[in-house]
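Visitor: Working from the sequences, and respecting the hints, build out all of it.
Taking our numbering, the leading residue of the sequence shown gets 2, the next gets one more, and so forth.
Be aware that one or more of the hints could be misleading.
[What the hints assert, rightly or not] With beta-carbon atoms standing in for the labels, derived distance ranges:
#	residue 1	residue 2	range
1	Arg43	Asn17	16 to 26 Å
2	Lys16	Leu58	31 to 41 Å
3	Glu59	Thr26	45 to 55 Å
4	Gln54	Thr26	39 to 49 Å
5	Lys65	Gln45	24 to 34 Å
No wet-lab data here; the hints were simulated from the structure. Every residue gets a Cβ at the ideal spot worked out from N, C-alpha and C, and that includes glycine.
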Amino acid sequence: MLTDKELRLLEELEKNQDVVYLLNTEECEFVSRLISSYREIRRQLLAIQLNQQEDWLEEYNKNKGE
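Guide: The following block contains the structure:
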């Protein structure tokens, strides 16, 4: 999995028109897909973490009331 630093570097690469012109279309599409995939993975991981926290809080409140 990419680190945040690696993602930032990829995003900078995507925005750098001088570099983009040196890449062929296939490479540009690959970089774009890589960034999109990484963002989706981060979104899903955050959703999982939030669900776990919510489950823990519900269990805590349930046990607190007993």
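Visitor: Next step is simple, just say for each hint if it's right about the structure.
Guide: How the hints compare with the structure:
no. : hint                        : in the structure
1   : Arg43 <-> Asn17: 16 to 26 Å : holds (22 Å)
2   : Lys16 <-> Leu58: 31 to 41 Å : holds (40 Å)
3   : Glu59 <-> Thr26: 45 to 55 Å : holds (49 Å)
4   : Gln54 <-> Thr26: 39 to 49 Å : holds (42 Å)
5   : Lys65 <-> Gln45: 24 to 34 Å : holds (30 Å)
Of the hints listed earlier, there is not a single one the structure fails to meet.
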